[in-house]
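Asker: Using my numbering, the final residue of the sequence shown is 1838, and nothing's skipped along the way.
Think of the hints as simulated: they come from the structure by calculation, not from any bench. Cβ coordinates follow ideal geometry from the N, Cα and C atoms, glycine included. Be a bit skeptical, because a hint or two may be false.
What the hints assert, rightly or not - Calculated lysine to any residue pairs in the SDA-like style (CA-CA distance at most 25 Å, straight line):
id, residue 1, residue 2
1, K1510, Q1571
2, K1550, I1460
3, K1550, K1819
4, K1631, V1613
5, K1637, V1613
6, K1589, K1510
7, K1631, K1447
8, K1572, D1545
9, K1478, K1817
10, K1447, T1824
11, K1631, W1822
12, K1589, L1683
13, K1567, K1589
14, K1601, A1704
15, K1819, E1650
16, K1550, K1589
17, K1549, R1610
18, K1574, L1644
19, K1658, K1550
20, K1594, L1683
21, K1510, I1460
22, K1478, P1454
23, K1672, K1572
24, K1447, V1543
25, K1480, K1589
What the hints assert, rightly or not - Beta-carbon label-pair distances, calculated as ranges:
id, residue 1, residue 2, range
26, K1510, L1818, 36 to 44 Å
27, E1709, R1513, 18 to 26 Å
28, I1606, M1446, 28 to 36 Å
29, V1726, M1473, 31 to 39 Å
30, K1804, K1601, 16 to 24 Å
31, N1505, S1801, 34 to 42 Å
32, I1606, D1660, 22 to 30 Å
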Amino acid sequence: MKNCLVILPRQIFPIVSGYSNKNYNLLMALAKKYKVRVIIITTDDIIEEEKKFYIEQNINFTSVKLSRWKMIFHILIAFCKREPLQIGYYYDKSVQQVVDQYAKKSDICIAALVRTWKYLEKYCVQKEKIVVFDMVDSIALNYKNSKEKVGSFFWKFIYGIEENRLLVYENKAIQLSQVTYLFNAKEYHYWKDSGNVSLLPHGVEDKLFTYEKVDRKYFGSVAFIGKMNYQPNIDAMLWYIRHIHVNIGTRVPLVIVGAYPTKELEEEAKKIGNVTVTGFVEDPYIYLNSALAVIAPMQTGGGIQNKVLEGMALGKVTIVTSLAADSMVGIEDGKHLLIANSPEEFQKKILEVADSPDKFRQIGMNAKDLIKLKYTWGTYAKKYIEGIEEVDG
């Protein structure tokens, strides 16, 4: 059995984000095929639930706890060296020493996101090792597309600095790695000629296809799900509340499901009214399954749009912006979901669904069929390992 090293830029528990969901399922799949060692870069202690997961999956793990202040100091160094700031933030010599200890004994080395790739750069030239750049999405392209729309002045400034630095860095990482995995179809076409790049859609849990729980309290609402301290999710909800919910909220309530809601978002929700902000919940799917529709009015970002996949897997009518739909393969507007970009379009679609839900039921059924066919974690894991084996010969 071959040795596989995975470097994670943060812990995966609690599972409250697309990042967590994806890596949770990936590690389970890898553990069935390889002897897996995980190195976790963290500023906090690993919770017992995560430790238990690794033990149950027979995965060896090492966490390297870094001081947040030290990581910020590394940003200043990266800024002066004209390197991407987030590469500087996540890179530390103490982590490199741990990586070197295990990479030497590993046949396959996986960098989760661009933030960890620097630790494996020197191993790309070693023919006996396979370096996998698990890119997921192009942060450079996300920043390029988002810098004008992001609500935070701080992030607007960061995006402006990082965009070009990351474009150069991501290109180098793709060129040197033996295989690169991207989730976003649009970004795949941008990068596919830079190296061995594979388009690899993420998935959903099979249980969603037969999920039946509902709460009548949320009938007639629209629901959004996501980690709510993540800037693109904040931008999406502030945009929706200020441009759409303010007009139709008395008729169509809004439910925001997700951990770590920011103070700004909670205050905006209270000011407008008829918004439920749940915070962390054990079962987020009861809210989605009870809603009239699931929405993803993304204005910035990219990445893993699990919120869209999960709504579709439940058979719900899902209303999204083009930015949320661009990452998905095989999606047709009006057949699998509804795409609307302007506030007027988005509002119109929601009211049409509210007025005639039966008219749109087939879209939910089509969506569920598509997700079953193309977007399960089983399909994802199979293609991920096949990509490694093709390189391995």
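Asker: Hint by hint, note whether the structure agrees.
Answerer: Outcome of the hint check:
1. With a C-alpha separation of about 29 Å, the suggested pairing of K1510 with Q1571 is violated against the 25 Å cut-off.
2. The straight-line distance between the Cα atoms of K1550 and I1460 is roughly 30 Å, outside the 25 Å bound, and the hint therefore fails.
3. Between the alpha carbons of K1550 and K1819 the distance comes to roughly 35 Å, so the proposed pair goes past 25 Å and is violated.
4. For a cut-off of 25 Å, the pair hint linking K1631 to V1613 stands: about 18 Å separates their Cα positions.
5. Restraint check for K1637 and V1613: the C-alpha separation of about 15 Å stays at or below 25 Å, so the hint holds.
6. Distance hint between K1589 and K1510 is unfulfilled; the C-alpha atoms sit about 31 Å from each other, more than 25 Å.
7. A threshold of 25 Å between alpha carbons decides the hint, and for K1631 with K1447 the separation of about 33 Å lies outside it, so the pair is violated.
8. Restraint check: the Cα-Cα separation between K1572 and D1545 comes to about 16 Å, which is no more than 25 Å; the hinted pair holds.
9. At most 25 Å may separate the alpha-carbon atoms for a hinted pair to count; K1478 and K1817 meet this at roughly 24 Å.
10. Distance check on the hinted pair: K1447 and T1824 sit about 22 Å apart at the alpha-carbon level, within 25 Å; holds.
11. With a C-alpha separation of about 21 Å, the suggested pair K1631 and W1822 falls inside the 25 Å cut-off, and the hint holds.
12. Between K1589 and L1683 the alpha-carbon distance is near 21 Å, which keeps this suggested pair within the 25 Å criterion.
13. Under the criterion of a C-alpha separation no larger than 25 Å, the hint pairing K1567 with K1589 is inconsistent with the structure, at around 28 Å.
14. At most 25 Å may separate the alpha-carbon atoms for a hinted pair to count; K1601 and A1704 meet this at roughly 24 Å.
15. About 12 Å separates the Cα atoms of K1819 and E1650, which keeps this hinted pair within 25 Å; it holds.
16. The suggested pairing of K1550 with K1589 is violated, with an alpha-carbon distance near 38 Å, which exceeds 25 Å.
17. The suggested pairing of K1549 with R1610 is violated, with an alpha-carbon distance near 29 Å, which exceeds 25 Å.
18. Taking the CA atoms of K1574 and L1644, the gap is near 22 Å; set against the 25 Å cutoff, the hint holds.
19. Distance restraint check for K1658 and K1550: the Cα-Cα separation of roughly 47 Å exceeds the 25 Å cut-off, and the hinted pair is therefore not satisfied.
20. Of the supplied pair hints, the one linking K1594 and L1683 holds, its CA atoms being roughly 12 Å apart against a limit of 25 Å.
21. Between K1510 and I1460 the alpha-carbon distance is near 20 Å, which keeps this suggested pair within the 25 Å criterion.
22. Between K1478 and P1454, the direct Cα distance comes to roughly 23 Å. Compliance with the 25 Å bound is thereby established for this hinted pair.
23. At roughly 39 Å between alpha-carbon atoms, K1672 and K1572 are farther apart than 25 Å, so this suggested pair is violated.
24. Using a Cα cut-off of 25 Å, the hinted pair K1447 and V1543 holds, with the two alpha carbons roughly 19 Å apart.
25. Annotation: proposed proximity of K1480 to K1589 is violated, straight-line Cα distance about 38 Å (limit 25 Å).
26. Distance hint for K1510 and L1818: a CB-CB separation of about 42 Å, consistent with the stated range 36 to 44 Å.
27. For E1709 and R1513, the Cβ-Cβ distance of about 22 Å falls inside the hinted range of 18 to 26 Å, so the restraint holds.
28. Checked against the hint of 28 to 36 Å, the C-beta distance between I1606 and M1446 comes to roughly 43 Å, which is inconsistent with it.
29. Remark: the range hint 31 to 39 Å for V1726 to M1473 is contradicted by a beta-carbon distance near 23 Å.
30. Between K1804 and K1601 the CB atoms are about 40 Å apart, so this pair departs from the stated range of 16 to 24 Å.
31. Here the CB-CB span from N1505 to S1801 is close to 55 Å, at odds with the stated 34 to 42 Å.
32. Checked against the given bound of 22 to 30 Å, the beta carbons of I1606 and D1660, roughly 44 Å apart, lie outside it.
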